[in-house]
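Asker: Here is what each chain is made of, one letter per residue.
Protein chains: 6
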Amino acid sequence: MWSDVRRALYPGRFQPIHWGHVSVIRWALQQVDELIIAVGTAQESHTVVNPFTSGERVVMIKEALKEAGLELSRTYVIPVPDILMNSVWPYYVQMYVPKFQYGVARNPLVLRLFKDAGIKTLVPPPYDRMKYSSTRIRKLILAGSNEWRDLVPKSVASFIDEVGGAERLREIIGVD
Amino acid sequence: MWSDVRRALYPGRFQPIHWGHVSVIRWALQQVDELIIAVGTAQESHTVVNPFTSGERVVMIKEALKEAGLELSRTYVIPVPDILMNSVWPYYVQMYVPKFQYGVARNPLVLRLFKDAGIKTLVPPPYDRMKYSSTRIRKLILAGSNEWRDLVPKSVASFIDEVGGAERLREIIGVD
Amino acid sequence: MWSDVRRALYPGRFQPIHWGHVSVIRWALQQVDELIIAVGTAQESHTVVNPFTSGERVVMIKEALKEAGLELSRTYVIPVPDILMNSVWPYYVQMYVPKFQYGVARNPLVLRLFKDAGIKTLVPPPYDRMKYSSTRIRKLILAGSNEWRDLVPKSVASFIDEVGGAERLREIIGVD
Amino acid sequence: MWSDVRRALYPGRFQPIHWGHVSVIRWALQQVDELIIAVGTAQESHTVVNPFTSGERVVMIKEALKEAGLELSRTYVIPVPDILMNSVWPYYVQMYVPKFQYGVARNPLVLRLFKDAGIKTLVPPPYDRMKYSSTRIRKLILAGSNEWRDLVPKSVASFIDEVGGAERLREIIGVD
Amino acid sequence: MWSDVRRALYPGRFQPIHWGHVSVIRWALQQVDELIIAVGTAQESHTVVNPFTSGERVVMIKEALKEAGLELSRTYVIPVPDILMNSVWPYYVQMYVPKFQYGVARNPLVLRLFKDAGIKTLVPPPYDRMKYSSTRIRKLILAGSNEWRDLVPKSVASFIDEVGGAERLREIIGVD
Amino acid sequence: MWSDVRRALYPGRFQPIHWGHVSVIRWALQQVDELIIAVGTAQESHTVVNPFTSGERVVMIKEALKEAGLELSRTYVIPVPDILMNSVWPYYVQMYVPKFQYGVARNPLVLRLFKDAGIKTLVPPPYDRMKYSSTRIRKLILAGSNEWRDLVPKSVASFIDEVGGAERLREIIGVD
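Protein chains in written order, with our numbering: chain A, 1 to 176; chain B, 1 to 176; chain C, 1 to 176; chain D, 1 to 176; chain E, 1 to 176; chain F, 1 to 176.
Hint data in this document are derived by calculation from the structure and do not stem from the laboratory. Among these hints, one or two may not hold up.
One copy or two, either will do: identical chains are not told apart, so a pair holds if it fits within one copy or between any two.
Unchecked claim - Computed list of lysine-lysine pairs in DSSO-like fashion (alpha-carbon distance at most 27 Å, straight line): (1) Lys99 - Lys139; (2) Lys62 - Lys99; (3) Lys99 - Lys154; (4) Lys115 - Lys139; (5) Lys99 - Lys115; (6) Lys66 - Lys99; (7) Lys139 - Lys120.
From just these sequences and the hints, can you work out the full model?
Answerer: The structure is reproduced here in structure tokens:
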């Protein structure tokens, strides 16, 4: 039966997706049958912390999964706009996605919210967050460095180039 | 290049998806490389006109596509909450989904909004709307008839049974 | 310990509170230690179905409880604005009110939402809904009849007179 | 001093403005120094009851005032989105517009809200509402009749033609 | 008559309530017949500045009042979600609470908004804000100090312990 | 025809309008037939960055234009509340204002959003932003300096005095 499938939710903003995220997704797909990747703050784009639209993030995630040789058919990639009521969030996100039994997170608050909502938690092994960090990637792009290209899948770097990501970031922080 | 892919948007509420919708999706996949199925009014569920959550609708759509032998890998299924500003809607939906060049619709207002937004339109051949209609299906379910089962893919009927769809519909219209 | 207190939630719009509501509250206070009365659609007033502000409804409820000889100290009366996402509502209301274990309702959908949220339900005995109905009371007030005065506590009738309830209702439906 | 100017607020949806509205504006400009025309439900367009955007309505109002020989320099035409909290509305609208001392209305609820907010009311003489009614005008346009052209200023009729108003109305009510 | 009762509004966020707040409430209950305690930013919880839900805050306030020997029957404790329109706020809050004639505040902006809305102001005597401050209490809890326990009623400290307040605060600021 | 008029949009918050803004408006009126001045963040007032209501800003802009000898009849001054979705903003603002073909801006992000929306851009010559800056003006007012009076039209300074702008700013940043 459909509801017998073991399914987990992995929430994030993915601005942009990097190899650290991909390692979590790979790990999660080993724990459960299907993984839902919830693309948070879906309503925001063209800001310093959320430069890409959720549509662009969906594309980058799918490209990254393909490049990493992960099974797209076992994943759902679903944009979820903010609700700004933390205690309600786990129930709100349930509305937007297929039924799931597990939450994937390392952030203590997200783990707490999952637990309070009766959702079992799956804590992935850590990755090097000093190196793999979307914030750092955005700063490197802005700085005109090419160092960020190693932190994300090639297809993601290409996509960022194709949509003029570096120029967009500079425009966002630009002054008149 | 990623942006060279010919992509179309097919918006609907899919409460629930039926063979009429599937025929439109099959037709659209013959016109373009990839199809985005936008699941509208994503924020609403457990009402007479929107009994199913957008998460449930995503599942039913994916199951229907599989059953119909359509290529899941060429589709995106993305929930989009309402914005309630019709003239802004085509731009708003662009934020949630991958870049697309075509809009799939027969509804005159949706076609107008697509055109005003500079989006080319693809008008699918009509299907028998007297027979294949989500409104009619919800009424048949409520009436306790089994006639609706022929109007939707088998997997969709199973899913509706599994989540207790008939009972939910009766509860929604139920009085104290 | 505070969390050992047995507490129930009774949601309604109370436009206005009548003897039927009071009988439910009396019954509920016999089942649990404390009762939370959630005044729904708190953000709306001066409309046909919601003529009174939530502040006015809080007052009428408190006056009704006092007149009925019920223990105010065992109740919480809390306005809750709409969220318009039915499946999320039980969790959303939990944010606004003290922790509770039971939901008081007869409406099938509300019972379903409580159950799906893991909240035990308490179904009060029915009262004569043909007679005791806020909709009917508003119609009687509008019709200039005095019949509604027997359907609500005296203090509630006085309050409605004091705020000019009949005039307000006529103004709401009034045409230019 | 600026705050000594006698100013009134005239709220409406103006879908579209007709000679009845113009007669109220003419009358109001005889009572006060300046008139603020608040274009309500500014966030809605392309619906049966609100076919025109607030931007289009601003234009039609200005054109109508010019055609009627009224002093544009004594008016403000300001779109105001809905707040959906009737009792708060008079204060909310004050935020969007210059300070005013008078409210222009015949609708009993609007008059009540103005009075409760301490705003003096100016009740314009009635016009023939059976004849001059935006609802009626929209129906006549839809019916393909030309009778509506006499009910609005010529410049308004031209504008409606120019933006394809009749076609838009048909599309809005159109079925697939 | 009900409207003859002298009633005041005391707004705050109460994250959590401390002896400073209690002293204001005691003082206010000496000035008026009834006091409405408006629990602001009611929609937010599980954040650094708003760790507790409004439901939890309602409970802590009631417990504090009981412990301080104040008359619960002369108070209303009512959660009010943010509106984010400062000039509209005094009118918006009036919708959620019983009619009041006085506003209790020391904050200059709140006093200004009350005055602009024609609400008389009651300015309570100052308390030691260096010592009694919700911000300071949250910091002390986070620092693992017990010093905060003297700043709040015993029942409030017990409640915070019971809901795991210290752990929640650590989780909120926690990093992955 | 009405749609042949060359029209531009100049967005800003105008907190308050200063001679730098006026120089842009003068320049823009030399480029196009009509100029729409969109008063952004219209829903906010009484905050440090947005002390004035949009209604007050509309008045200051009109007074400034009159004082500068600019043709009011060629301008529209229209408040637009925030939408908080940057990529959607250009389409959203189109709903509130008359049809326009040009966007007036120097800010790189605003120029980008205009371009992405197919709106031609008009980049005004720079003015001395170290000197003419609303942020600086608010700081000077707060500091009790009179230096700001030279940076705004006389009528704007008078208006700010008349509404007690300096006192308001002090109250906004005031502590209890």
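Asker: At most 27 Å between CA atoms: does that hold for Lys99 and Lys115 within a copy, between copies, both, or neither?
Answerer: both (16 Å within a copy, 16 Å between copies)
Asker: Between copies, within a copy, both or neither: which fits Lys115 and Lys139 at Cα up to 27 Å?
Answerer: Between copies, since 25 Å is at most 27 Å while 34 Å is not.
Asker: At most 27 Å between alpha carbons: which applies to Lys99 and Lys139, within, between, both or neither?
Answerer: For Lys99 and Lys139, only the inter-copy Cα distance (25 Å) is at most 27 Å; the intra-copy one is 36 Å.
Asker: Quick one: Lys99 to Lys154, C-alpha cut-off 27 Å, is that within a copy, between copies, both, or neither?
Answerer: Answer is between: at 20 Å across copies they meet the 27 Å cutoff, but 32 Å inside does not.
Asker: At 27 Å max between alpha carbons, let me know whether Lys62 reaches Lys99 within a copy, between copies, both or neither.
Answerer: For Lys62 and Lys99, the Cα distance is within 27 Å both inside one copy (21 Å) and across copies (14 Å).
Asker: If the cut is 27 Å between Cα atoms, do Lys139 and Lys120 qualify within a copy, between copies, both or neither?
Answerer: Neither: 35 Å inside a chain and 30 Å across chains, both beyond 27 Å.
Asker: Please work out whether the CA atoms of Lys66 and Lys99 approach to 27 Å or closer within one copy, between two copies, in both situations, or in neither?
Answerer: both (24 Å within a copy, 19 Å between copies)
When each numbered hint is compared with the structure, a violation occurs for hint 7 only.
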